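Trainee: The chain contents come next:
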Amino acid sequence: MQPSKEQVSALVDDEIPQVSPALLAALTADEELRGAWSRYHLIGEVLRSGAGPLVVSTLDARVRQALAAEAVVLAPAAGLPKPARQPAPWFWPALPLAAGLAACGLLATYLVASSTQSEGWDARPALASRATLRQPVAPVSATISPPPGAPEQAVAAQLQRRLNSYLVNFNEQREQLALPNIHPYVRSVGYSSVPLP
Amino acid sequence: MSGESPTDEALVERVARGDKSAFDLLVRRYQHRIVKLVSRYVRNPEDALDVTQDAFIKAYRALASFRGESAFYTWLYRIAINTAKNYLVTRGRRPREAEIKGEDGEPIDVAELQAHADTPERLLLAEEIKTTVLSAIAALPEDLRIAIVLREIDGLSYEDISLAMACPIGTVRSRIFRAREAIDRQLKPLMEP
Numbered sequence: 001m002q003p004s005k006e007q008v009s010a011l012v013d014d015e016i017p018q019v020s021p022a023l024l025a026a027l028t029a030d031e032e033l034r035g036a037w038s039r040y041h042l043i044g045e046v047l048r049s050g051a052g053p054l055v056v057s058t059l060d061a062r063v064r065q066a067l068a069a070e071a072v073v074l075a076p077a078a079g080l081p082k083p084a085r086q087p088a089p090w091f092w093p094a095l096p097l098a099a100g101l102a103a104c105g106l107l108a109t110y111l112v113a114s115s116t117q118s119e120g121w122d123a124r125p126a127l128a129s130r131a132t133l134r135q136p137v138a139p140v141s142a143t144i145s146p147p148p149g150a151p152e153q154a155v156a157a158q159l160q161r162r163l164n165s166y167l168v169n170f171n172e173q174r175e176q177l178a179l180p181n182i183h184p185y186v187r188s189v190g191y192s193s194v195p196l197p
Numbered sequence: 001m002s003g004e005s006p007t008d009e010a011l012v013e014r015v016a017r018g019d020k021s022a023f024d025l026l027v028r029r030y031q032h033r034i035v036k037l038v039s040r041y042v043r044n045p046e047d048a049l050d051v052t053q054d055a056f057i058k059a060y061r062a063l064a065s066f067r068g069e070s071a072f073y074t075w076l077y078r079i080a081i082n083t084a085k086n087y088l089v090t091r092g093r094r095p096r097e098a099e100i101k102g103e104d105g106e107p108i109d110v111a112e113l114q115a116h117a118d119t120p121e122r123l124l125l126a127e128e129i130k131t132t133v134l135s136a137i138a139a140l141p142e143d144l145r146i147a148i149v150l151r152e153i154d155g156l157s158y159e160d161i162s163l164a165m166a167c168p169i170g171t172v173r174s175r176i177f178r179a180r181e182a183i184d185r186q187l188k189p190l191m192e193p
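Each protein sequence line maps, in turn, to chains L and S. As numbered in our numbering, residues 1 to 197 make up the first sequence, in order. As numbered in our numbering, residues 1 to 193 make up the second sequence, in order.
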């Protein structure tokens, strides 16, 4: 059955939770529906651009042409379940203890060094000492308790996704706060846990 | 918009199975946002288009390594930024973070920025599109106008819009579609070659 433009509109809005392969196949095959897909997105861009500049791109034809010469991407990994996690090594539980001992050792070294230094001719205030600056700083971390039953990995992944989304949205929205005639291209930030090409 | 998208996931899966036309839909979806992003780094509009195209090609080639741990757009966004920065490096220019100081009081060469402004044809097209869309929206019946604005500007889900407008989700979906169609009738002639 040929999908309707209303379905395409809902697809643009990500309001079709289970996207059927038949719908996508029809969309990719039908030029009229593809055109509607493009223009529906453009309408959104216009509305979101507000008083700022509108960047109109007609790159899709160029990219299509360039991709025609490309080998077909076949990624068996995509869509397949992720590989199972390797079991933790036997010494894994001892790592926190080792880290604690190392931190105690460093602290003791620092205390001994600073007391020796203060007794000498170069008794500078501890805060101004370069040795202080060289000390490793214990990371401050916010503890986030996963909901009962949720594995910590899932919580971390969710946090990463939210952080990524936040950074992307922030970068896009801050442009509208920029001064006229001055490109707000500065200080783009981003975060990704995925290795990039 | 930048969160997880079932549509993107489905399209990426199709590309991974060898369907290039599914990638075309992703290009059509994100090209405006990526060009806009790249333009912050690359001033010359033609170069910005080249860099954007390059970013999409890189993304296509690297799609095999995309594991879906982040949203597709987040991944694409990072590729685009890296491509733009690499472009500046190869052109012997520092990435623009180094020029940010303008915000802190150092003078910005506005004349130079204006000299690299977009081509008159593209500026005219952008202006025409904007005027057409905005006037088409202004002419919409109120229920359609509110629905499309809540969706596109405020980014509300259909469920939230249905609560705000006190109507079923199916009605929201229909109103947004009808609004788009009404705007599209005006927009389509501008986009045809």
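Be aware that a few hints might be false.
[Unchecked claim] Computed spacing ranges between beta-carbons, pair by pair: (1) G50/L x E69/S: 30 to 38 Å; (2) C104/L x E159/S: 50 to 58 Å; (3) P141/S x A156/L: 45 to 53 Å; (4) C167/S x R162/L: 53 to 61 Å; (5) A64/S x C104/L: 44 to 52 Å; (6) Q18/L x C167/S: 22 to 30 Å; (7) A22/L x A138/S: 36 to 44 Å; (8) R162/L x M165/S: 25 to 33 Å; (9) A25/L x P189/S: 53 to 61 Å; (10) Q153/L x N82/S: 24 to 32 Å; (11) D160/S x A22/L: 26 to 34 Å; (12) A102/L x E159/S: 24 to 32 Å; (13) L95/L x R67/S: 23 to 31 Å.
[To be verified] Cross-link-like lysine-lysine pairs, in silico, DSSO-like; alpha carbons within 30 Å at most: (14) K5/L x K20/S; (15) K5/L x K130/S; (16) K58/S x K85/S.
What the hints contain is simulated information worked out from the structure, not anything from laboratory work. If you're wondering where the values come from, they're calculated on a predicted model, not measured in any experiment. Glycine included, C-beta positions come from ideal geometry on N, C-alpha and C.
Trainee: Now tell me, hint by hint, if it's right for this structure.
Mentor: Results of checking the hints against the structure:
For the pair G50/L and E69/S, the beta carbons lie near 32 Å from each other, so the given range of 30 to 38 Å is met. The hint said 50 to 58 Å for the Cβ distance between C104/L and E159/S, and at roughly 54 Å that hint holds. At roughly 47 Å, the beta-carbon separation of P141/S and A156/L lies within the given 45 to 53 Å, and the hint holds. At about 30 Å, the beta-carbon gap between C167/S and R162/L misses the expected band of 53 to 61 Å.
Remark: the range hint 44 to 52 Å for A64/S to C104/L is upheld by a beta-carbon distance near 47 Å. Look at Q18/L against C167/S: about 24 Å separates their beta carbons, and that is inside 22 to 30 Å. At roughly 37 Å, the beta-carbon separation of A22/L and A138/S lies within the given 36 to 44 Å, and the hint holds. For R162/L paired with M165/S, a C-beta distance near 28 Å keeps the hint of 25 to 33 Å intact.
One distance hint, 53 to 61 Å for the beta-carbon pair A25/L and P189/S, is violated here, with the actual separation near 29 Å. For the pair Q153/L and N82/S, the supplied restraint of 24 to 32 Å holds, since their beta-carbon distance comes to about 27 Å. Judged by the Cβ atoms, the range 26 to 34 Å given for D160/S and A22/L holds: they are separated by roughly 29 Å. The beta-carbon spacing between A102/L and E159/S, approximately 51 Å, falls outside the hinted interval of 24 to 32 Å.
With their beta carbons about 27 Å apart, L95/L and R67/S fall inside the hinted range of 23 to 31 Å. At roughly 22 Å between alpha-carbon atoms, K5/L and K20/S fall within 30 Å of each other, so this suggested pair holds. With a C-alpha separation of about 23 Å, the suggested pairing of K5/L with K130/S holds against the 30 Å cut-off. Only pairs whose Cα atoms come within 30 Å are accepted, and K58/S paired with K85/S is accepted, the gap being roughly 14 Å.
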